[in-house]
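Undergrad: Okay, here's what each chain looks like letter by letter:
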Amino acid sequence: MSNAVSALNSASFEGFATVTETGLRGMITLRGDLSSAKLKAAVKAATGAAIPDVRRVTTGKDGMAAWMSPDELLILCDYASVNDTIATLTAKLTGEHALAVNVSDARAVFRIAGDGAREVLAKLAPVDLSAGAFQAGDFRRSRIAQVAAAFWLNDDNSFELVCFRSVAQYVFDVLKVSAQPGGEVGFL
Amino acid sequence: MLTLQCPYCGVDAEETELHAEGEAHLKRFGPGSSDDDFETYLFMRENPKGVHFERWRHSNGCGKFFHAARSTTTLEVFGTYSAQTYEPPQDIKDKITAKYPGWSWREFA
Amino acid sequence: MRRYSAFAIAREAARFHTGWERAWRSPEPKKKYDVIIVGAGGHGLATAFYLGKNFGITNVAIIEKGWLGGGNTGRNTTIIRSNYLQDPSAAIYEKARSLYETMSQDLNYNVMFSPRGVMMLAQTQSEIRGYERTAHANALQGVTTEFIGPERVKELVPIINIDGPRYPVLGALWQARGGTGRHDAVAWGYARACSDMGMDIIQKTEVIGVRQEGGKVTGVDTTKGPIDCDKLGLVVAGNSGDLANMAGFRLPMESVALQALVSEPIKPCMDVVVMANTVHGYMSQSDKGEMVIGGGTDGFNNYTQRGSFHHVEETVRALVETFPIVSRLKMLRQWGGIVDVTGDRSPVIGKTPLGNCFINAGWGTGGFKAIPGGGWATAELIAKGEPGPLSAEFGMDRFIEGRFIDESVAAGVAH
Amino acid sequence: MSTRLATGGRLLNKGKQLNFTFNGKQLTGFEGDTLASALLANDQMMMGRSFKYHRPRGVVASGAEEPNALMNMGKGGKFEPNQRATTTELFDGLTCASQNHWPSLEFDVGAVNNYMTRFFPAGFYYKTFMFPKFAWKHVFEPIVRQSAGLGQVPKDRDVDTYEHFYAYVDIAVIGGGVAGLQAAKAAALSGAKVLLMEQTAHWGGRAATDGGEVDGKPVADYIADLVAELDAMDNVTMRTRMMGSGVYDHGYVLGYERVNDHTPGNDGPRHRLWRIRAKQIVTATGAIERPLSFAGNDIPGVMLAAAIRDYAADYGVSIGDRTVVVTNNDDAYRTAILLKNAGLEVPVILDARAGGGGALAEEARALGIRIENGKGIAKVKGGKRVTSVAICSQAGEGAVLEEIQCDAVAMSGGWSPVVHLWSHCGGKLTWDDAQAHFRPDATRAPTNQDGIGFVVPAGSANGEMDLAAILNDAHDAGKAASKAAGFNATRKAAPKADAQAEAAMEPVWLMPQGAGPKLRIKAWLDFQNDVKVSDVRLAAQEGYESVEHTKRYTTLGMATDQGKLSNINGLATLAGQLNAPIPAVGTTTFRPPYTPISFGAIAGEARDEVFQPLRRTTIHGYHEDVNAFYEPVGQWRRPYTFPRKGESHADAVKREILQTRDSVGLLDASTLGKIIVKGPDAGKFLDMLYTNMMSNLKPGKCRYGLMCSENGFLSDDGVVARIDEDTFLCHTTTGGAERIHGWMEDWLQCEWWDWKVYTANVTEQYAQVAVVGPNARKVIEKLGGDMDVSKEGLAFMEWKDGKIGDFDARAYRISFSGELSYEIAVPASQGRAFWDALMEAGAEFNIMPYGTEALHVMRAEKGFIMIGDETDGTIIPQDLGLNWAISKKKEDFLGKRAQLRSHMADPNRWKLVGLKTVDGSVIPDGSYAIAAGSNANGQRNTQGRVTSTYYSPTLDCGIAMGLVHNGPDRMGEVIEFNKVDGSTVKAEIVNPVFYDMDGEKQNV
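Residue numbers (the working numbering), protein chains in the order written: chain A, 1 to 188; chain B, 1 to 109; chain C, 1 to 415; chain D, 1 to 1004.
Calculated directly from the structure, the hints in this document are not laboratory data. Keep in mind it's a predicted model, so treat the numbers as computed, not measured. Hints are all accurate, no fakes.
Okay, derived cross-link-like pairs now, SDA-like style, lysine to any residue, Cα gap no bigger than 20 Å in a straight line:
1. K95(C) / Q939(D)
2. K92(A) / D726(D)
3. K133(D) / R116(C)
4. K684(D) / K756(D)
5. K75(D) / T263(D)
6. K896(D) / D36(B)
7. K896(D) / P907(D)
8. K93(B) / T74(B)
9. K911(D) / E401(C)
10. K267(C) / P158(C)
11. K30(C) / G225(C)
12. K154(C) / R157(D)
13. K896(D) / Y41(B)
14. K65(C) / R25(C)
Quick list of the computed label-pair ranges, beta carbon to beta carbon:
15. A11(A) / V109(D): 57 to 65 Å
16. A584(D) / E151(C): 53 to 61 Å
17. D228(C) / G516(D): 45 to 53 Å
18. G215(C) / G972(D): 52 to 60 Å
19. V1004(D) / A176(C): 50 to 58 Å
20. A41(A) / D724(D): 18 to 26 Å
21. A133(A) / E155(C): 47 to 55 Å
22. T102(C) / M971(D): 46 to 54 Å
23. E151(C) / A133(A): 48 to 56 Å
24. N13(D) / G23(A): 46 to 54 Å
Each residue gets a CB set at the ideal place from its N, CA and C atoms; glycine is no exception.
Let the sequences and hints guide you as you build the complete structure.
TA: What follows is the structure in structure tokens.
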């Protein structure tokens, strides 16, 4: 895997919040019946994480699970272990109608950190990002300016954001515009 | 600028997260159907001044299609519901009836 | 009718304009007319006018629920062009355009037709091919257009940014004799002429029912009581579905909001109409100096005449990109109108399931530019009971046969 | 003359002097000044010219309603036309110039129109300029356009930045006057999250100027305490310089924040457009004073009474030494009293009411001011400045009783609530006879998605004009909004206020009421657009009876102030002429924005590089490195060709094709859509989606498939690979991935929801490279790895997983060029490395990348159709001779029923053929095949058209594909294609496969 590079090679920008492309990440689209015991066991076995509630992320020792839709999770893990994780999922889901597919290279991940992180996102996403409305562990699919994206809030008050790899530069650019010094809003 | 609640992920999604997908509860006519039925399926539209049952997709969101009952004159939303239904749920129909006694829409009222 | 002229103005000026007569009468409805037209917008009034002028039918009432010209006729961005791809469209829009050229003289009312030229920008290879195809089609249709290069675009529109980083301008389809007109004046001019022919324009009167007997129309019920007629024309853009429901049939149409906006006025800086379909925006400058701007329709059924703001946003950012100097202009006013959009986005002019009831509808975003042509064709349809060559292809039967008139093949959006 | 007073100026910081220039003159003002107040302090009363007659125009108001004082502001990339001086905060270095005159503000040639006023009544242009026919466009229109237009055209690109911000609150309060503050407090006490916005830089509005007491303290102190109190509340956000610009459906509010207009050198955006969702909206937008309609009311020096008061109290500026006050209400007396107390002369107060005023009038009289009841102004005299007024009886026709010297006139025709934001979304109005204005009808509020009212008017915006009533109403509005938003409203009582009682106003729509035509033609309604009482009367006389007709016929209220001063006066004039009650005539529609907002703010961050998303493949960096020439395809930007130094695009394309056909070429095919379709019903599902059969495809094999819309038209094509029993991978066109994925989900979710199928769009997971040409295999083999790509190891239309070099690869043996070809997918993160490895391995074969144009030409040489070229949304597969790909066995597939309709089954449809020009030239793009004669509309008949046309380097001649009537039956026939110059080009109808008809080359 020595040839593998992430979309923006861990580019970073320091504004009134810090925006960083986080490098390669293992990501798996898992579609199936989220209420089934088998799927629950598979996700547990693969990541250690429980099935997340609607619009939440859960964390286990080997990865995270994010609620994408009523029949879809996004599984996050180390880039290097993604094939093993898929193998575990697939093995545990034998006989069940489900789909687990590697999308690690189809996406880019950004971290937005710092006191202004909420406001940087709130300039681009039609989402209530106030502290009362969006809390650690909350996960939201929406748009960032003109492209689809998903993001969640970590316990350390930083956001992580996933978008398609082809628009990584666009997303980075609009996040940079949002985080420009002097652009603090003072609302969130 | 509409806001509709996605019945799948519970988000009060503003229109920019959504995509309008036209009239709901159309019955598909395939090979073997009459010309009239096929034309009705593809082109003839209720287009009411009043409550409209329509399809939306939470395209910048959970990706699911859903149905909405919405007034085209006041933009009041009587409810959103699963796309996997043949007609609107009773509670939504009741809500519409309370507001517009005697309304009807194609095969249901 | 007293003629309008510079001399008339001078004469009236001497007596402080106290002598001007009404532009149109305001009569009470008669019991019966030969023809009732529902809808005193551009198409309705033009239909009535050509019924009188071309067919001598003047026992006509035009019934309007609001005020004449108050629908889409008075809400559009006033673009007039005929550079359409498909033969039936090119024929009716070119007929309309040519009638606009002499309309001020024909009606003795200055509608300020300004053939300043309309260009549709090509910003992708497929748009180039689409517009070159249109240019070739137009050459055979008797519509004068040409495909021009980016340098010529820049020469005609100095404020345009032809080297935009995202979508450089690769050329344009140019119709030099397209342009703009004063939308209200078109309705007022036709109304004055219709009234002068003895037709009754009945405003603030709503049609609430369509009367029929034996499968044929016999009249309408209105908020001023029933009125009988031999023939009925429904020409009610934005309300066609509602009227069709009253008459007992459904239409292959949906009603959606289309928005427009204007800037504050500035000195003349753009002498042509520019349409940029890749980025979804078009713009011209009015005689007052306002930049007149439009974009695409909303996706959902709507009768509120208020659209969704994100479409305004999309249009404005397209224009800021295409014309960078507008960034520091300000939006003065935005508004919406309701347009009827058909399954192939082309209009319907034709018979209906109800005998002697005819319809002109579904113009989508193209209604204003078609007014004289649509009126001409609808008058012929009503007078003869059968479509003439201009409307022959626009009947509703095309949806059953799968015979569509699709203009979107050349350009993403049809305006 | 207007000048700075020694006293007054509560908003000024007189310790900080600011320099600015107006029309090239160096002037000074103070921090806290508006541009208008600073100009007035420098005796610059005249600030512009009117639109139609180019009459001299002075400032008439002190706020957002100002129609006259519009400036060309700034320079270069910060230049902005039509900036209102009354809402522009003065800053050091401000540069501005007045508008709509030539050569100068003082001497304007355009003012000749002024002398022709009588010949230019409302609608005059509809009645003339008609002859000769083309004179309008070429003679009259340019004159009209040049003399109209107001501000100058910006020349340079905007140097500032803009942004949006999404905010979600329970209650948005628009307007930070005393009512807005009070409403915000009442709302906030319920615990609701409140956003309070004020368009100016100051809280409190005009209450402090007008005086009164609240809860026993001066109103100014009460406001200061209220602001401090709100500021301390966690659930309240307060923003100044932020205008509530529009109220839209479902509780959407636009807030227009002018972040840096007053500090143009600062970091950060110039404007921020807030997109606010509020459960409830309180409109505390105040009221606007109305002018009075008398002859000469447009002469500079005639101003709104309250504006004169504002300039004196807020900015310490006197408009004149001798100010005549003319009014129909008590409020204007406050102006007289303030001026008198400031040591200025008020020669007379003309009160149109026969009974005169109340307590305020007594106070004025006690100060020694002369008051004339039942009197009005017959005429104002002066040119560029008021010199005197002629007094008459209001009841009469304007006989002059006395002439009084003065240099300013303060007029007040009563107050109109600002109902714009209430009305934007459908809130209805009711006519208040006592105050002669429209006010919100609380029973007909605009409704939201839940069908309940979501706008609550407060204070003078709700028609309350007395301080105590305003505070009461605002307090109630805040409570009502909090309750409607789901909170328990506060039980605290409204504060007690005390202000001077006022006598009733009496409407005055024309002064004097019997004014004849000579006076009416000088009585302005719309100062900017030059609409007078006479014009509105003329419109009504000519039948333009609807208020919308009148507005459009006269241009009343269509100026940049959108009729804030003129609408009610115009409406009343129309009603008077029609002899109808005012409410029966109705109002025009209020449309956003409240005052104009910048296009820059609306566009937000979306400009230049981030105007729209640009999608890049992982090989994009290579294309950049070698300076590819691009074409946009959807949001992707694909290399059209890779020109070398000095090479034309056509030559580059030719080189790429010849080299690929001769040796080997590379195409970045990553943009092709890739969708996984998996599940027990996947085969059944694809059989419905594609026109051909997919369920019988064997794992390891590929098949080309077509998709149609339900309307029968060909919508996409691509190669389907069966991965295993349960799983397919569907390739789509470059633009088609998202569309087709959505199309699949649509059918799975909404029609066949019981079918067990999952889809996933994995387009971007892979970088895909087409290695094409006779040496393709050698290049791949040279990379090594464990994949057998020999003819037998990977046969045509098969796919295989394995290692190519170090890369995990999936190779598809498919060809869109007719050559030996492998499309190889590797993980996207390794795409660039894989591409570089291929380039290196291919060096000995002189490998080169080729772009989309070479791709197009090669596929056309091979007779393959291209979605978007051969199809345009009106083409069915049968038109393209693709019947072989339409299953006859399947009962149903999407589009099948449609294709049975009469027009689609018509044998006369144009069908696909190849075309070869007789002279070897290239048929122009878009050309039509002409046929004999014309149709009923006089249009030339046609019998076909080209769909793709190219110079073929392989065949060294022009080739084309096209649709021709009965084409496949007319092989060898020569038909003519049109050119735009009227000539034609002859072409022979041939087989569309020009190259390697038997397919031997792709199969080696």
